[in-house]
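Start from chain Y and add chain G according to the hints.
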Amino acid sequence: MKMLDKLFEKSARSIAQTSSRRGLLKSLGAVLVGGAAIPLLPVARASDSPQYPQDVGDPSSCDYWRYCAVDGFLCECCGGSYNSCPPGTEMSPITWIGTCRNPVDGRNYVISYNDCCGKTQCGSCLCQRDEGDRPIYRSDKSNDVNWCLGATSSVYHCSTAVVVGVAFEK
Amino acid sequence: MKCLVLILLILQVVSAEVAANQSINAKRAKFNYQILCQGCHVGDGRGGKGVPHMKGRVGYFLSGQKGREYLVRVPGSANSALDNVELAELLNWVMIEIGKKSTPADFAYFTAPEVERLRASPLFEAKEYRKQLVKKLFPLAAQ
Chain Y
1 MKMLDKLFEK
11 SARSIAQTSS
21 RRGLLKSLGA
31 VLVGGAAIPL
41 LPVARASDSP
51 QYPQDVGDPS
61 SCDYWRYCAV
71 DGFLCECCGG
81 SYNSCPPGTE
91 MSPITWIGTC
101 RNPVDGRNYV
111 ISYNDCCGKT
121 QCGSCLCQRD
131 EGDRPIYRSD
141 KSNDVNWCLG
151 ATSSVYHCST
161 AVVVGVAFEK
Chain G
1 MKCLVLILLI
11 LQVVSAEVAA
21 NQSINAKRAK
31 FNYQILCQGC
41 HVGDGRGGKG
51 VPHMKGRVGY
61 FLSGQKGREY
71 LVRVPGSANS
81 ALDNVELAEL
91 LNWVMIEIGK
101 KSTPADFAYF
111 TAPEVERLRA
121 SPLFEAKEYR
131 KQLVKKLFPL
141 AAQ
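Line by line, the protein sequences are chains Y and G.
Note that the numbering used here gives residue 90 to position 90 of the first sequence, counting from 1, and the numbers run on in steps of one.
Note that the numbering used here gives residue 23 to position 23 of the second sequence, counting from 1, and the numbers run on in steps of one.
Since the hints were made in silico from the structure, they are not lab data.
Beta carbons: idealized from backbone N, C-alpha and C, even for Gly.
One or more of the hints may lead you astray.
Here are the simulated EDC-like pairs of lysine to aspartate or glutamate, each with C-alpha atoms no more than 16 Å apart in a straight line [said to hold, decoys possible]:
no., chain 1, residue 1, chain 2, residue 2
1, G, K127, G, E114
2, G, K135, G, E114
3, G, K49, Y, E131
4, G, K27, G, E86
5, G, K27, G, E97
6, G, K27, Y, D55
7, Y, K170, G, E97
8, G, K127, G, E69
9, G, K66, G, E97
10, G, K55, G, E97
11, Y, K141, Y, D105
12, Y, K141, Y, E131
13, Y, K170, G, E86
14, G, K30, Y, E169
15, G, K66, G, E128
To give a feel for the contact side, a few chain Y residues facing chain G, derived at Cβ under 7 Å [claimed, not checked]:
no., residue
16, V110
17, G165
18, F168
Only chain G is shown next, with the shape it has when bound in the complex:
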């Protein structure tokens, strides 16, 4: 009986993980990244001349609410041609595939209603805003 309970528990954990992953269509998210982001951020997200380096870093923005909001309000996200569902999916994919270890393993996925609300106030001075945000979120790194 105890063995059965253990198996059921394991199955529950596995199905919860599968459900979380199912909310991302990885092929569609990668394609949207390639078509809408890769041109500037390049394939692995390391950016370039004047383009932010996201590889292994972008997930740090999830450490504060303002940082999380910035990821949706930044012009590349907020003004993209994607609908809210696909934008949320793309952001989640970027956090996992590009953010790598900078992204907390238990981060709360972006949802379509959250994205809809946040992209309604896009940033106009994104560069300056990011500078101030980085100073606030990571005072040591900004020094």
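Here chain Y stands alone, though its shape is the one from the complex:
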């Protein structure tokens, strides 16, 4: 304990001898102003990676970028949207997941194609693009599976395309 007392006393005396109150205020001011200015620099903003993509295109068209791996009816045409189910249906938590390239920023995003279940097939806007689809023996990578098996009702209605993250670029 004595050693600590001595140590702190020595360092406090040393600071007191080599610095002034004005000097302290000056340094503190510089740190505060400088620190506040750092986020304004363009380099700081450029390093922020957006978690969600900028959107472009028509979500009711099969050409919409998020649908690159879809196989089914687009919920956008069935009373829902690309990330929500139509009323009266339930989103299956179990789903098939792929990646699609966003044409605006050129990055690949992880897309979860959650099926909406509980009503008979929607019948509008059938879309089959199948990028990254694998045969049924790789069931986790096959979009031919009826993913409504994870919902209360296994009756398929339509498919959503929810962005769940940014793909890792190897």
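What follows is chain G alone, placed relative to chain Y:
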């Protein structure tokens, strides 16, 4: 001098922690989880109809050697398209991010050679095996 020793000790502890964390590329591990596991286990690992609930639980399997081996031999791990390095990394990430408090803070990380050895004997009756394993590892919980 004593002060210097203390600082050196602190630096050593910090660098050891950094080294341990460096063996996981969190972005790659999360992506592999999303692409290969999340479809069934869902984003936070809580699973669903017929899919095991891993969130805050999966780390309990580390309390016994058979449990640890099960985590690699289970079909989702053993038969995955990942190489041994990325599978070990993904398992470690799952233990930390999904297992949360169920995972012991000082658990031994899975390594690529360990994963290579264990995935060579994948489980075929994983559901029944897990049932028996849970009974053995956690007799009170299984009652």
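For each hint, the structure was consulted:
{"no.": "1", "hint": "G:K127 x G:E114", "in the structure": "23 Å, violated"}
{"no.": "2", "hint": "G:K135 x G:E114", "in the structure": "25 Å, violated"}
{"no.": "3", "hint": "G:K49 x Y:E131", "in the structure": "27 Å, violated"}
{"no.": "4", "hint": "G:K27 x G:E86", "in the structure": "12 Å, holds"}
{"no.": "5", "hint": "G:K27 x G:E97", "in the structure": "12 Å, holds"}
{"no.": "6", "hint": "G:K27 x Y:D55", "in the structure": "23 Å, violated"}
{"no.": "7", "hint": "Y:K170 x G:E97", "in the structure": "22 Å, violated"}
{"no.": "8", "hint": "G:K127 x G:E69", "in the structure": "15 Å, holds"}
{"no.": "9", "hint": "G:K66 x G:E97", "in the structure": "22 Å, violated"}
{"no.": "10", "hint": "G:K55 x G:E97", "in the structure": "9 Å, holds"}
{"no.": "11", "hint": "Y:K141 x Y:D105", "in the structure": "26 Å, violated"}
{"no.": "12", "hint": "Y:K141 x Y:E131", "in the structure": "10 Å, holds"}
{"no.": "13", "hint": "Y:K170 x G:E86", "in the structure": "12 Å, holds"}
{"no.": "14", "hint": "G:K30 x Y:E169", "in the structure": "12 Å, holds"}
{"no.": "15", "hint": "G:K66 x G:E128", "in the structure": "14 Å, holds"}
{"no.": "16", "hint": "V110", "in the structure": "5 Å, holds"}
{"no.": "17", "hint": "G165", "in the structure": "6 Å, holds"}
{"no.": "18", "hint": "F168", "in the structure": "4 Å, holds"}
Violated hints, listed in ascending order, are 1, 2, 3, 6, 7, 9, 11; each of the other numbered hints is respected by the structure.
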